[in-house]
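*Asks:* So the sequence lines, in the order shown, correspond to chains A and B. Residue numbers for the first sequence follow my numbering, so the first one is 1 and each next one is one higher. Residue numbers for the second sequence follow my numbering, so the first one is 1 and each next one is one higher.
Treat the hints as calculated values from the structure; they're not laboratory data. The beta-carbon is built from N, C-alpha and C at its ideal position, and this holds for glycine as well.
Derived DSBU-like pairs (lysine-lysine); straight-line CA-CA distance at most 35 Å:
1) A:K162 with B:K135
2) B:K72 with A:K162
3) B:K132 with A:K112
Taking beta-carbon pairs under 8 Å as the criterion, some of the chain A residues facing chain B (in silico):
4) P28
5) D55
6) V125
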Amino acid sequence: MRKFFPVSDLARDERFNQVTNEERMADPRGSGNTGVIRKARSTNRLTPSRPDATDAARNLMHGIMVGEIQALEGAGRTCFDFVTGEEAPFALKLDMARQCWDEARHVEISVKLSEWMGTELGQFVENTVLFAAACSQDPVMRLAGVNRALEGLAIDVFTTMKEFGEIAGDPYLAFCEDWMLADEVTHVKMGSDWLRKITENDPERRKKALEFQTVVDKLFSYGGLRSESDESPILLARRFRELAGFTDSEITEIADVSLAALNERREALERTLAPSPA
Amino acid sequence: MTVTVEPSIFSIVNYDANEIAEVANEMLKLLGMGSKNLTIEVDETVAMSRVIATAGDPIVVHVLSSAFENLKSPLSFSADNARLSLGRGLLRVRDRQSGNFDDAPLDDALSIVESAVWETYCVGRLVKLGLKVHKQRWHYNFRNRHGFNDATDRQFEQIWNADNLDWSQLMEISRNCAT
Numbered sequence: 001m002r003k004f005f006p007v008s009d010l011a012r013d014e015r016f017n018q019v020t021n022e023e024r025m026a027d028p029r030g031s032g033n034t035g036v037i038r039k040a041r042s043t044n045r046l047t048p049s050r051p052d053a054t055d056a057a058r059n060l061m062h063g064i065m066v067g068e069i070q071a072l073e074g075a076g077r078t079c080f081d082f083v084t085g086e087e088a089p090f091a092l093k094l095d096m097a098r099q100c101w102d103e104a105r106h107v108e109i110s111v112k113l114s115e116w117m118g119t120e121l122g123q124f125v126e127n128t129v130l131f132a133a134a135c136s137q138d139p140v141m142r143l144a145g146v147n148r149a150l151e152g153l154a155i156d157v158f159t160t161m162k163e164f165g166e167i168a169g170d171p172y173l174a175f176c177e178d179w180m181l182a183d184e185v186t187h188v189k190m191g192s193d194w195l196r197k198i199t200e201n202d203p204e205r206r207k208k209a210l211e212f213q214t215v216v217d218k219l220f221s222y223g224g225l226r227s228e229s230d231e232s233p234i235l236l237a238r239r240f241r242e243l244a245g246f247t248d249s250e251i252t253e254i255a256d257v258s259l260a261a262l263n264e265r266r267e268a269l270e271r272t273l274a275p276s277p278a
Numbered sequence: 001m002t003v004t005v006e007p008s009i010f011s012i013v014n015y016d017a018n019e020i021a022e023v024a025n026e027m028l029k030l031l032g033m034g035s036k037n038l039t040i041e042v043d044e045t046v047a048m049s050r051v052i053a054t055a056g057d058p059i060v061v062h063v064l065s066s067a068f069e070n071l072k073s074p075l076s077f078s079a080d081n082a083r084l085s086l087g088r089g090l091l092r093v094r095d096r097q098s099g100n101f102d103d104a105p106l107d108d109a110l111s112i113v114e115s116a117v118w119e120t121y122c123v124g125r126l127v128k129l130g131l132k133v134h135k136q137r138w139h140y141n142f143r144n145r146h147g148f149n150d151a152t153d154r155q156f157e158q159i160w161n162a163d164n165l166d167w168s169q170l171m172e173i174s175r176n177c178a179t
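Work out the full structure, taking the sequences as your base and the hints as a guide.
*Replies:* Structure representation (structure tokens):
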């Protein structure tokens, strides 16, 4: 069986249309944080009080669903791509196998939630950035990019969706997101623990992995999708990140990176909206 | 009947003003509004799907770009989504012109609950006219605004299947969702 599977070869049926993160970020449009929409609401946070809340939640739920598929594919590759004992400890692979089991269950839950919310599978575009972070040839990089950055984003997203379900009174959404959130905290904790253990005597390798995580965190901030600002739909979930093994300074660093991404997006949007010189 | 699309040339999204006008003409005829003049203003700087319609001559429908977008292929046009978005806006105008919706707030002043009720009424009628619609999407939107319970589901079905309600009846059904 082939090792180190490229993102371009992910198998999907005809319902799905994939784009890279570069293609997605090339879309210069705003998502309501400008002009008349910005004036009409004081926050962009994804809550039921937003006029577009239902469609925005459906879109995010679809993103979660394809993200779970890619997380399953990524964890599965990590079980197989590396030589046991030499490149990756057996216990690490066992954790990745357990994560595959969780992700497969999350895919099924996300499919059912999408149907419940009135979304057809493949209705929205699939961004392949999540699996792209799982293509490194170093298992430590994958732990940093996938378990800590990707699953860290999942903690933020699930916390936001869980609160959305609670406020709207949607019993299924709130319940399912809460259970998946518990799994994600475990996945991040596994990544944090393994990253520290494997790089215990290799500070350079740890430094590179954490730098990679910063890059991926910025990508996953999607130009302001997630931060501690009200302008971002998804709130950085500090408490659950602490439970997952992030230190205060690490969380603050992610908050800073996310805010920088939001500011970059805001400036780009202002340039787009600026009147052309006559 | 004149249909005008602004802008005539798009610079951010890959839409064609003539194609939008064609869909608009089709919807005006389908809704029995073929004699009306219509101006469609597309704000291509915002990726949302809001539709605000104003009765008058011409009727003005202001849409944010995602209202006409193929969400599977961002920035590209979807005739099906354009039909649905224009249909919802034009039906609200037709309702207002009937005299039975004189108490309804203007589109941009509708509360999220009022908007959900009227959208349900409009989309239900568009289904009867043959448009392709995923009913569960609108059911979920209605539940988000009225609660997740059996009473809400019954009222949703009543509105979805109706075709001769006025504004006060719609609001009465909406209030009944809480009981």
